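Q: Chains as they are written, first to last, in our numbering: chain A, 222 to 583; chain B, 8 to 519; chain C, -1 to 324.
These are computed hints drawn from the structure, not numbers from a lab. None of the values given here were measured: they were computed from a predicted structure. Ideal placement from N, C-alpha and C gives every residue a C-beta, glycine not left out. Hints should not be assumed to be uniformly reliable.
[Unchecked claim] Cβ-to-Cβ under 8 Å is the rule here; a few derived chain C residues that face chain A:
#1 Q114
#2 L125
#3 I295
[Claimed, not checked] Computed footprint of chain A on chain B; a stretch qualifies when at least three of its residues, placed anywhere within it, have a C-beta under 8 Å from a C-beta of chain A:
#4 37 to 44
#5 360 to 370
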Amino acid sequence: MTADSKGRYSSGSQSSLLSRAYKHHLFWPLALWIALLLFNLFYSPSFFKVVVREGHLYGSLIDILNFGAPLMLVAIGMTTVIATRGIDLSVGSVVAIAGALACQMISKGSDQNALSLVLYAIVMALVLSVALGLWNGLLVSITGIQPIIATLILMVAGRGIAQLITDGQIITVSSTPYQYIGAGSLAGLPFSIFLVAIVFAISALLTRRTALGLYIESVGCNPEASRLAGIRAKTVMIIVYMFCGLCAGVAGLILSGNVASADGNNAGLWIELDAILAVVIGGTSLTGGRFYLTGTIVGALMIQTLTTTIYSVGVRPEVTLVVKAVVVLAVCLIQSESFRKAIISRWKTRRYPAEREVTRHA
Amino acid sequence: MAQQSVTEPVLKLTGIHKRFPGVRALSGVDFRLFPGEVHALMGENGAGKSTLIKVLTGVYSIDEGMVEMEGKRLVVHSPQEAQAAGISTVYQEVNLCPNLSVAENIYIGREPRRFGRIQWKEMNRRASQLLEERLHLRVDVTLPLSEYPVAIQQLVAIARAIDIQARVLILDEPTSSLDRGEVARLFEVVRKLRGEGMAILFVTHFIDQVYEISDRITILRGGELIAEYKASELPRLELVSRMIGKELTMLDELPKTAGETRASDTQSAIVAASGLGRKGAIEPFNLSIGRGEVVGLAGLLGSGRTELARLLYGADRADQGKLQVEGAGKGGVHSPRSAIDAGLAFCPENRKTEGIIEDLTVRENIVVALQATRGWFKTISRKRQNEIADEYIRTLNIHPPNPEQLVKNLSGGNQQKVILGRWLLTQPKLLILDEPTRGIDIGAKAEIQRLVLTLSREEGMSVLYVSSELEEVLRVSDRIAVLRDRVKVEEIDKDEMDEQRIMKAIAGGEGA
Amino acid sequence: MLKRQHLPVAATIALFVLMFMMGSFRYTGFFSMQVLLNLLIDNAFLLIVAIGMTFVIVSGGIDLSVGSMVALTTMMSAGLLQQGGWPAWAVIPFVLAVGSLFGAAMGALIHYFKIQPFIVTLAGMFLARGLCYVISINTITINNGFYTDMAQTKIRFGDNFVSPSVIIALVVLALAIYIAHYTRFGRTTYAIGGSEQSALLMGLPVARTKIMVYMFSGFCSALGGVVFTFYMLSGYGLHAVGLELDAIAATVIGGTLLTGGVGYVFGTFAGVMIYGVIQTLIVFQGTLSSWWTRIIIGVLLFAFIVLQRLFTMRSDRKTGSVEKMA
């Protein structure tokens, strides 16, 4: 991300900058991702092999898209929340709840394959997800509770709610239309990837073609100045949390559709952390402001590729966690102003430690 | 008070220079502080008061110059070292921990201990004793500090300061949130400490208080030392003029470009406030602004200028009085958004934290307010945005002329012009400018003033112009309201407007 | 005399008593000393971990790595005992040292590089969990004599008994109360939570204290891990998943303000007991499933957080004018 900020500063005096800065922005996540892909190219050439079987595409790349879909969705929602200086820890729970509700409704139906039933279940699951997002949004904007804490409540209670819906069972469904969401394919590609594309397109349209994107970035950048400029910051916050809930809900449908079952305990476990990681890798700062949906998508793809790579290298997949930890720290250190300053001007800050502190707060 | 002539200064600063990137915060400032005196440090915003204090307390390093304490050279690198050297500071925003008990706030870091165990009883006893004997304060020292009003918190901060065997006590605007009775109580303590030989550096912007308590006054302006006076030998009026930077004797009749030809229609008030006030911010006031009229707000820093402006704009909620705004919706003006809808616009004093949205571009910063009033879907097309940005960059002479520049990379003056552009775009009926020329260069200042005149004369826009630069207020205003110590004290019409008259109103007391 | 600042803790204790009474009236066999002691036996590790969490939250931070640290401790213990052939007396100090160092390192990152505690400890959480799997992805059962003894020993008094883990937890509790209220480290922790800027200007050792707070939390997690190992007699990478949430919930329900500066270690004890009593109630009820624990905890968490918010809003208003002027 240093390259990005450097790029923005140095090229600051020239015109038509935004597009270039934007490109800069994708530079690091893309470079990392490509490096990973190249590694795979040398290590296991079969990684890039895509075969066509019965009209479907198969291969590691397709797997990355397919398994990465829920993460990409959740990360898109998370991006908008983080852009307003917020965070949503409850997405994992919402994923579980959405899947649980849909599966529960379908399994209770007389004909599980009935399209109307499946659609009804899907709509209800998504409505519930948005309502949960609304709950988070209200807590954050109206009561003014810090986002980490406000969404912690649903994070804790959410899995219980999911269990409540499924009565503590892992509910399996045998519904072709429902399974299609997570496991079906369209034009040879996994159907889930089209869902990602649709959500991405909608969010890009909403944030870049309407004023919503400007509002979000403005509120995330400087809430007080935004308020004085007439933006209704609270409404903006509620909307992004609702959108984040919706994204998590769709992800939940994909995940449960893929395995044709709902597991309140493990569905979407730790997806909030991966999503935050994807957002940060994608270049959106945790302190809010500018956000990059494309960067987030690349970040999510990178995380998924990492998982797949580690798997194909033959290291135990669980070790991914160690790698992720290192990536989180590295990205945060690079984003940390103090870290950069510490490297640049060690001597001065050591002599007058308080100058640094007080100027920070001034 | 009378012993200064015989004693040596406890603290002596000579030729202090301090530069920040782009700013000379202090240039060649000398300062002396004697034991047993209260020494007021005066100056408007940007005069260098707070930099000087931060130098003294070891927060900032010095580029040049020397600090001597009792004849010995003193170099401190942190507040802790300054404390150890005998310099204690009580800050305006009480720098204590509200969650800890009163006793702890006095003794934390120096608690009485036995084998590492904190002796609470002993600590509470000592705290009660200290507060009672030296500050005449009887409180339950075991309660959290947050249970007490700010005045008491202030006294507790002083208790902490003096218990560290301080010889120099710096009071940095300690009275800004106290009421009259609380100030009296604080001053009682200050007098007692002075009697005990403490050297007290007192920073405030309340003129009455300066004359009530201080023995000596040092005035800073623009990072330079203006002069040091005995309080008894400096008339109020002269103090104000020195702070503002106009020699009274040298005042010439200013060229009044403003107004003559202007037909300000005071009959139809755009905004009328009656008895509007907010506790702790500004006492109830009446003010009406007519169409095409420029009303100046004069007064020193902390006199309630900004608070008044914010109430009119709905940025803060008034807790009494009535505000009528022409064209406001049913609910009246109760929030910035409703103010904008009613045709108000507000350039805040604090450009960085309340004005610019720093990570956004010049273009985005300009269109944001207009876009906010239009809602999400009635977007301004990118093409139109570019046109708007280019137009304002040209008319306001924003540099660099690049709409995609991030606004944080612009100079202060250009940032101010961006915010002006943001509001002009909404075509307001009343433009509230709070210190629009602070911290910007002369050229930009002139441009902004000229713009105000043009807007009011040619477009019939009303302007509320808040500034600590008297000359500026005089030049642009049709009418001037004067504030002192959070009260609107006077309203001066065009024909009576002159610098001397206004300074008297600002100074109050025997000068008025 | 009951002071206002003790009110949240008093509320928590009252809530615990109320819930316990409720259980006693409804279910036969609920009202007994042993049920009460079982709360301690089953939640000794949670108590220890939550105590460390209390210090972190009081200092204004948060530690998400505790659950993973517990898992890592069980894994290291199991690995060293079973595969490394280390004796118990070497394993325990070793894992405690690892936990403390781990915490200290996170504290240093948080303080010196000003990265949000949330994100640093999140990385710590990933790292510790991942390291578990580096050791092994499977469960390692422990059959070391000392550990099985610790698991089976019953310290009896009268008809009732507790496990050695309970003793350890209670000792930690007593020590932590002492540290919080009678040492400079403890008081500085509160001061930092109240206002870090003020603490700095008052000349308190902010850097050292902050690092030590996370070190203490790391130590508590490791000790909680040791006790958990006694309880489970195995090491497994999926042990104690979500424990960080339970610890945070217990701390908050115990009256500790999530914004820092206010809280009591004893309150956390009460919070853990409430957690235990909810579990026990659900067991006694019979038809309700264990996931209700999570929901009830969530509801309590919500109630306490909203109460806290009201509480702080009130005091904000009191001192609000000062901040405005600043």
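Q: Find the hints from earlier in the document that the structure breaks and name them by number, from lowest to highest.
A: 4
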